[in-house]
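Visitor: Residue numbers (the working numbering), protein chains in the order written: chain V, 241 to 437; chain P, 388 to 1123.
Bear in mind the hints are in silico, worked out from the structure with no lab data behind them.
Virtual Cβ for every residue (Gly too), placed ideally from N, Cα, C.
Fair warning: there could be bad hints in the mix.
What the hints assert, rightly or not - Calculated Cβ distances over 10 Å to all of chain V for the following chain P residues:
#	residue
1	Ser437
2	Gly563
3	Gly649
4	Arg654
5	Ala715
6	Leu758
7	Arg795
8	Asp802
9	Gln963
10	Phe1060
11	Gly1064
12	Pro1086
Unchecked claim - Straight line, CA to CA, 30 Å or less: simulated DSSO-like cross-link-like pairs of lysine-lysine:
#	chain 1	residue 1	chain 2	residue 2
13	P	Lys866	P	Lys559
14	V	Lys408	V	Lys428
15	V	Lys434	P	Lys559
16	V	Lys428	P	Lys866
17	V	Lys416	P	Lys866
Said to hold, decoys possible - Here are some chain P residues the structure puts well away from chain V; computed CB gaps all over 12 Å:
#	residue
18	Val428
19	Ala646
20	Phe721
21	Asn772
22	Tyr801
23	Trp1040
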Amino acid sequence: MSNGRGMGKRGLIAAVILVLGLIVHPSGAEEDVAVPLPLQMELLLKVAAYDRNLPARARDTVEVLILTKNGDAQSTHVATQAGRALDGKRLADRPVHVVIEAHVDGARTAKRIRELRAAIVYAAPGFSDDEMTALGRSLDGVDVLSAGALARFVQTGVVVAFDLVSGKPKLLVHIKRAREQNVDLSSKVLKLAKVIE
Amino acid sequence: MRALWRAATPLLALSFAAAPVAAQESSDATDLEGLLETPVVSAASKTAESVSIAPATSIVLTADDLKRYGIRTLDEAINFLAYGMVTERNFQAAEIGSRGVLLTSDFGAHVLLMVDGNIVNEQWGATAYFDRGTTIPFDIIDHIELVLGPGSVLYGSNAMLGIVHIVTKRAKDYAGAHLVAETELVPPGGAVVSRASEVPVSARVAGGIGKEFRLFDHPGEVVFEAEHFQQFGPTYDFPLRNVGPDSVTGAPRQYSPGAPPGYWGGRGSEAYYTVAPSAYLRARLGDFELGARAALYKRTDPTDSGNFDDPNSYEIDRFLHVDLKHTATLSPAFRLSTRLYGDFYDYRQYWRSNGAEDCLPGQDSGCLWRLYGSARWVGLEPQANFDWLEDGRFVTLVGVDGRVRFIRSDVNYYDYRTNTSPGAIGAYDLQEKLLAAYVQQTAWPTDWLGLNAGARFDDDQRFGTHVSPRAAASVLPWKGGTVKATYSEAFRAPTAFDIYYYDPTTQLPGGSGLGPETVRSVEGSVEERFGAQTLTMGVFRSWWSGLILIQQISDADLQAAIASGRIESTTQAAYQSRNVSTVDNWGYNVAVDGALVGGKLHYGASFTEAIARRSDPGKRPDLLAVAPNAFGNVRLAYDLSGGFPTLAVAAHWMSRRPIDDYPDTPVFAPQLFEVRGTISGAVPRVSGLSYRVTANYVPTSRGAYRAGPTLDSGKTELVPNDPLRFGVGLAYDLPL
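With the sequences and hints as input, model every part of the structure.
Guide: In structure tokens:
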């Protein structure tokens, strides 16, 4: 045991770290991904399994396209974690394959979904409400289950998202968007969800 | 082990009874329902994760459960809904223990209490309250995380029995304006005496607001709630008892106006009250988060020291806290957060005594004894996350916590005649610094194996240095199953009170030689999920050492203290805090909980049994005062939905246990059983208005604390329990 000494120097180091922390920050404001990624991906696969149109959409492989916000470190990090959590998983007796790409605009994403025959598209954090609204609009008529890392994404652009309420995950489903993207979730799933009209 | 299986059998039966229902409902999305019932905890590793893979036994008590089971305080939440931890009431105060270890009179200092990641235990005496004194407005609690076992690895001092972490609601879950009013009624019965003014005995009013907004193109939110709680009564009758003449004056002492001289007791109608206003704010803008809390907790009971039933003898705590946090993900592999915090706390305890024996020499008419303690501290905690593979499989957490604290305390005896004090005694006014560093490494080498290892190094001017390691492994051997093993250590730094408290009539300061109390623990658990049902079984073993005990000093030490003028020459016996006790503890816990019928039916049950033996110098290992060796609970709630209410019933039980001054008084409190029924729901045809009605029944008339001096019959009177307690509350939510 020894008494604390040299605290002044250590305090200075701590202060420098604080200043670095406060000054250096990313271009966009960071938002908490409330539901841990491994749990969120497990939930996403489970919900997707109750989409009656998934088998027709997925064929031999369930392609999952994960969209990142260009230049957003948190977005890239979450996308990588989500990809890792889906790696090696199976859905409706088909292997899951993940593609991670930066989102440029809605039209290009819609095109990529068609090219990849993606069954699921998942938006990592970093996107503004306007960007999500535009993405949602561009997915009108596109046969895909869209999902997002943040709960607010379901208000604007995706069919499914997860929130953490009272320490437990909550399923959010945008029912109108689901219809527009040919997603047909069983009523048993909708009973467990907070349905947004 | 046989006991574990005996206890587990009924819970296993309940679980297996639910399992076929789960299997049958598999096509009914029960597997999804199960995942949606997965609790998420953040206190165990400073990272949000499912409780099943957290590196410690963790429990999440949700706001939904707090509401549906009529819970109003932390101690109620722990007893009715949790497992492993237990609390014991002494009038309005609650003491907390875990897995067979409860260290009475510790002011909650062996449990780390946090709110939104900020430590609440103050820096003078490490106090944390788990009753109304928690003073966090209750309606903004989103969930409560309990992490059982030693947890100093990331948080430092006090996390010996475990961690209680209150997480408040986000603005999206508390949107709008909110008003709450509730009251409790205690009808006469048992020790409770009828008095019209005691209906109601308590009232709570609260108002809050939650709002999301955008400012400077950044998302923001604010959550605020202010609450005022006040309790008065009920009235209890305490049998009169002759306590003999005052040892200084030789004359009988007047304990209260209504009792004959020399007698303690009578009707306790004036000095059972609590006043607890509090306010809490949390605001976020972009990467910044601001938190603030202000609270006051004033209370007394008729049996408090000094006179009997004196409303002017009381304790009062005041808390003020501000923190500012900044978080930034600087690259996909590197995340930095910085927390700056500042706190003010002070405590005053007033005891009025008409007895010269409680006062300084010469104060023969009596005195007012006042203990004052205060702490101010500021700290800075930068913390970095390195996700080396950028996918969460191999993550290093490194943090530094630097703190400066200013501590003051003194004791004054104010003479009744002159209303003056001869001067503060045992006064100290000091500045201390603490610097700590911690590291935690998590690794998921495969999908079925998770590892977590870490250590924290504390360099505290108060006592020196200490290292607290932890290592844990989670194995997911089959679907829905988790097997976990954990080794962990924790410590409690000696408090300023332990080291410096000094009273020349009774107590020498503990001194700078006092070291930290320490605990080591190993535990293993198995968790199995069947759809939305979860069964948990765990075993644990812990070794406590260096526990600080106020010990009577030897005659030689006493004479030396008198000779040096540190102790009054008239003192017959004096005391000093020393690191002398050890506790050996082991046991098991079993818990089951789940949801059925599409989440409309919630149930849960738990049982904990533990052996704890305390060893003090010169004494044989013995039981711990107030600590029950077995306790459990059971609960059931059904949401009728369709405009009908939710019906819930919860009960908890604890075994007989030694009273607070055991073994000096070898008396045991009877086993305690408490049951509560709750009806809650929306008021029909009034949008936004909801109600909650509770009825609480305790057939056991007495608790585990001595109430006053020994009765003339030689028996010990114990604190009364209220047999019946009714609660009524209304809440109004107004969208903004």
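Visitor: Hint by hint, say whether it matches the structure.
Guide: Do the hints match the structure? See the list:
| no. | hint | verdict |
| --- | --- | --- |
| 1 | Ser437 | violated (6 Å) |
| 2 | Gly563 | holds (16 Å) |
| 3 | Gly649 | holds (51 Å) |
| 4 | Arg654 | holds (44 Å) |
| 5 | Ala715 | violated (4 Å) |
| 6 | Leu758 | holds (27 Å) |
| 7 | Arg795 | holds (20 Å) |
| 8 | Asp802 | holds (40 Å) |
| 9 | Gln963 | holds (20 Å) |
| 10 | Phe1060 | holds (28 Å) |
| 11 | Gly1064 | holds (22 Å) |
| 12 | Pro1086 | holds (32 Å) |
| 13 | Lys866(P) <-> Lys559(P) | violated (34 Å) |
| 14 | Lys408(V) <-> Lys428(V) | holds (19 Å) |
| 15 | Lys434(V) <-> Lys559(P) | holds (14 Å) |
| 16 | Lys428(V) <-> Lys866(P) | holds (22 Å) |
| 17 | Lys416(V) <-> Lys866(P) | violated (34 Å) |
| 18 | Val428 | violated (8 Å) |
| 19 | Ala646 | holds (50 Å) |
| 20 | Phe721 | violated (8 Å) |
| 21 | Asn772 | violated (10 Å) |
| 22 | Tyr801 | holds (37 Å) |
| 23 | Trp1040 | holds (25 Å) |
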